[in-house]
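Visitor: Could you slot chain A onto chain E? The hints should help.
Protein chains in written order, with the numbering used here: chain E, 15 to 306; chain A, 15 to 306.
Read the hints as simulated data drawn from the structure, not as lab findings. Take these hints with a grain of salt, some might be off.
[Stated by the list, open to error] Pairs of lysine-lysine residues, derived as DSSO-like cross-links and limited to a Cα-Cα distance of at most 27 Å, are as follows:
#, chain 1, residue 1, chain 2, residue 2
1, E, 210, A, 194
2, E, 121, A, 194
3, E, 44, E, 121
4, A, 170, A, 213
5, A, 233, A, 194
6, A, 29, A, 115
7, A, 210, E, 194
8, A, 115, E, 170
9, A, 233, E, 129
10, A, 213, E, 194
11, E, 121, E, 93
12, A, 170, A, 274
13, E, 194, A, 115
14, A, 213, E, 210
15, A, 233, A, 210
16, A, 121, E, 194
17, E, 210, A, 210
Number of protein chains: 2
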Amino acid sequence: MELIDGKYVADTIKKEIAQTVAQMVAEGKKRPHLAAILVGHDGGSETYVAHKVKACEQCGFESTLIRYESDVTEAELLKTIEDLNNDASVDGFIVQLPLPKHISEQKIIEAIDYKKDVDGFHPINVGRMSIGLPCYLSATPAGILELLARYNIPTKGANCVVLGRSNIVGKPVASLMMQKNNPGDATVTVCHSSTKNLKEICANADIIIAALGSPGFVKADMVMPGAVIIDVGTTRVPDSTRKSGFRLCGDVDFENVAPKCSFITPVPGGVGPMTIVSLMKNTLLAAQHVVY
Amino acid sequence: MELIDGKYVADTIKKEIAQTVAQMVAEGKKRPHLAAILVGHDGGSETYVAHKVKACEQCGFESTLIRYESDVTEAELLKTIEDLNNDASVDGFIVQLPLPKHISEQKIIEAIDYKKDVDGFHPINVGRMSIGLPCYLSATPAGILELLARYNIPTKGANCVVLGRSNIVGKPVASLMMQKNNPGDATVTVCHSSTKNLKEICANADIIIAALGSPGFVKADMVMPGAVIIDVGTTRVPDSTRKSGFRLCGDVDFENVAPKCSFITPVPGGVGPMTIVSLMKNTLLAAQHVVY
Chain E
15 MELIDGKYVA DTIKKEIAQT VAQMVAEGKK RPHLAAILVG HDGGSETYVA HKVKACEQCG
75 FESTLIRYES DVTEAELLKT IEDLNNDASV DGFIVQLPLP KHISEQKIIE AIDYKKDVDG
135 FHPINVGRMS IGLPCYLSAT PAGILELLAR YNIPTKGANC VVLGRSNIVG KPVASLMMQK
195 NNPGDATVTV CHSSTKNLKE ICANADIIIA ALGSPGFVKA DMVMPGAVII DVGTTRVPDS
255 TRKSGFRLCG DVDFENVAPK CSFITPVPGG VGPMTIVSLM KNTLLAAQHV VY
Chain A
15 MELIDGKYVA DTIKKEIAQT VAQMVAEGKK RPHLAAILVG HDGGSETYVA HKVKACEQCG
75 FESTLIRYES DVTEAELLKT IEDLNNDASV DGFIVQLPLP KHISEQKIIE AIDYKKDVDG
135 FHPINVGRMS IGLPCYLSAT PAGILELLAR YNIPTKGANC VVLGRSNIVG KPVASLMMQK
195 NNPGDATVTV CHSSTKNLKE ICANADIIIA ALGSPGFVKA DMVMPGAVII DVGTTRVPDS
255 TRKSGFRLCG DVDFENVAPK CSFITPVPGG VGPMTIVSLM KNTLLAAQHV VY
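Looking at chain E on its own, in the form it has when it is part of the complex (with noise of 0.2 Å):
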């Protein structure tokens, strides 16, 4: 059993974001310059968007931040997008999910410009993704199959079954493994809550990606010797041993899972880290004008 490592790949791809970069400046090109949009002070989205301006940092990204408090009315948020659309200066930015429920993130999503939707969750970028076009990838697809191109581990014609159908996830990351890529290439099962020989299913699989967001869902019975496991899960569980009072748990009986495979990835340490470079890559994609 071999531990995927996310967060020495994604230490990996930032050094190698930041050679380019260096490059580009070199160049006389400007640095890629990500803007990020936070609402209120969510703990979990503090959390989130101080890790993406410190990878900005770590990648020679320009980042600026932009704060409001969550009674920012959706009219003085779409005003924002439109300028951030027209700032020549920004490649890319995001807004920070979830918003205050008096917000719409459809409408606020879909008031982005595709071209800097580096977070690709505009309707144009997952169409985009689905046909085959230019686009960026949203940051927890792309990361999935950036860490099973750097492990090559083969997914042609592989039993690839993704466990969870959200939008953010399941649903682009079984796209991307459909397509006639590599990684891709795979035959791709996406189950869900209406499933009904889930057990069966998975102990077919050479390569099972789970992201249901349910603690400990993937028992041993369920995993094919030699499978390839992903876990996207990340439940925050009550823990009083640790400082921050919950500890991070992935969708994988990880324990009882991990002697039976091939490779699998850690819940912290494995998809998570990848996320956040997958933004950057993005950004970096938009400064250098690839989604058109």
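Guide: Frame of chain E, contents of chain A only:
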């Protein structure tokens, strides 16, 4: 075994649409108006467009056919699309594919205002479908779901195997069948040229949607007794006994597969007649301003 009569369902839906249109007109609203752009004189395209114009008449729609010779420039075509985008009298329009090689089909598709893209080919509509937002569904996938609905075929939790991963059938029908809707909510597996254990996968399917374009590919030993078979294949096979010189051949070995099924679509007369009806439904939606 029950034969799914696509022609009958299509005729029924056209009558339903005509009733709705009659009511709209009685309320003083304008008739839905579909425009079609046809480039050149390809035999297949001529036939399809003629059928679409006829379907418009049956539904009580206004229709406009804009013809160009095959030497039309991309710029001329883009100008016409811009005019149609801005023409409030036109609710929706299509550009009949394929186009001559000197014109980028993707560029043409993306030039269409997605609110008038009743073919559902624009990346925004593809993405909106995947996310589950109001959109124009592309014709064949929508027609398949309509058939499943009209024959009350249960799909929730069913193992649905999609053969083929094309952008116009395989991928979108897979996306629709996995959504938490009815029809939908199925466990979907997408198979293609790189799939290894295809026979075994098919033999476990409650529903097979065959969209490979490979005549007679699905054999009886690949089908579970009682399965539902949707045959999307329409390959032209030379046939000297026909006036046209060819016959349409599905992806399913109908003669041997049909006796094993609970439901099966014939070719022709199954999925085929439904595609034009889907276009009519989208045009009605466009006139009702349901997609925004």
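Visitor: Would the hint linking residue 170 of chain A and residue 213 of chain A be met if the CA-CA limit is 27 Å?
Guide: Satisfied, since the Cα-Cα distance of roughly 23 Å is no more than 27 Å.
Visitor: Taking only the CA atoms, is the gap from residue 121 of chain A to residue 194 of chain E under or equal to 27 Å?
Guide: holds (22 Å)
Visitor: Please work out if residue 44 of chain E and residue 121 of chain E have their alpha carbons no farther apart than 27 Å.
Guide: violated (31 Å)
Visitor: Starting from residue 210 of chain E, check that the Cα of residue 210 of chain A is at most 27 Å away, please.
Guide: The given pair, whose Cα atoms are some 23 Å apart, holds under the 27 Å limit.
Visitor: Taking only the CA atoms, is the gap from residue 213 of chain A to residue 194 of chain E under or equal to 27 Å?
Guide: Holds. Residue 213 of chain A to residue 194 of chain E sits at ~21 Å (cutoff 27 Å).
Visitor: Run the distance test for residue 233 of chain A versus residue 194 of chain A: straight-line Cα separation, threshold 27 Å.
Guide: violated (31 Å)
Visitor: Has the given pair, residue 233 of chain A with residue 129 of chain E, been kept, meaning a C-alpha gap of at most 27 Å?
Guide: Status violated; Cα separation ~46 Å.
Visitor: Just to be careful, I want the Cα atoms of residue 29 of chain A and residue 115 of chain A compared with a cutoff of 27 Å; is the pair within it?
Guide: violated (38 Å)
Visitor: Assess, step by step, whether the Cα of residue 121 of chain E is no farther than 27 Å from the Cα of residue 194 of chain A, and give holds or violated.
Guide: holds (22 Å)
Visitor: With the threshold set at 27 Å, check whether the alpha-carbon distance from residue 194 of chain E to residue 115 of chain A stays at or below it.
Guide: holds (23 Å)
Visitor: Decide if the proposed pair is consistent with the structure: residue 170 of chain A and residue 274 of chain A, CA atoms, cutoff 27 Å inclusive.
Guide: holds (22 Å)
Visitor: Take the C-alpha atoms of residue 213 of chain A and residue 210 of chain E, compute the straight-line distance between them, and say whether it is at most 27 Å.
Guide: holds (21 Å)
The earlier numbered hints that this structure contradicts are 3, 5, 6, 8, 9.
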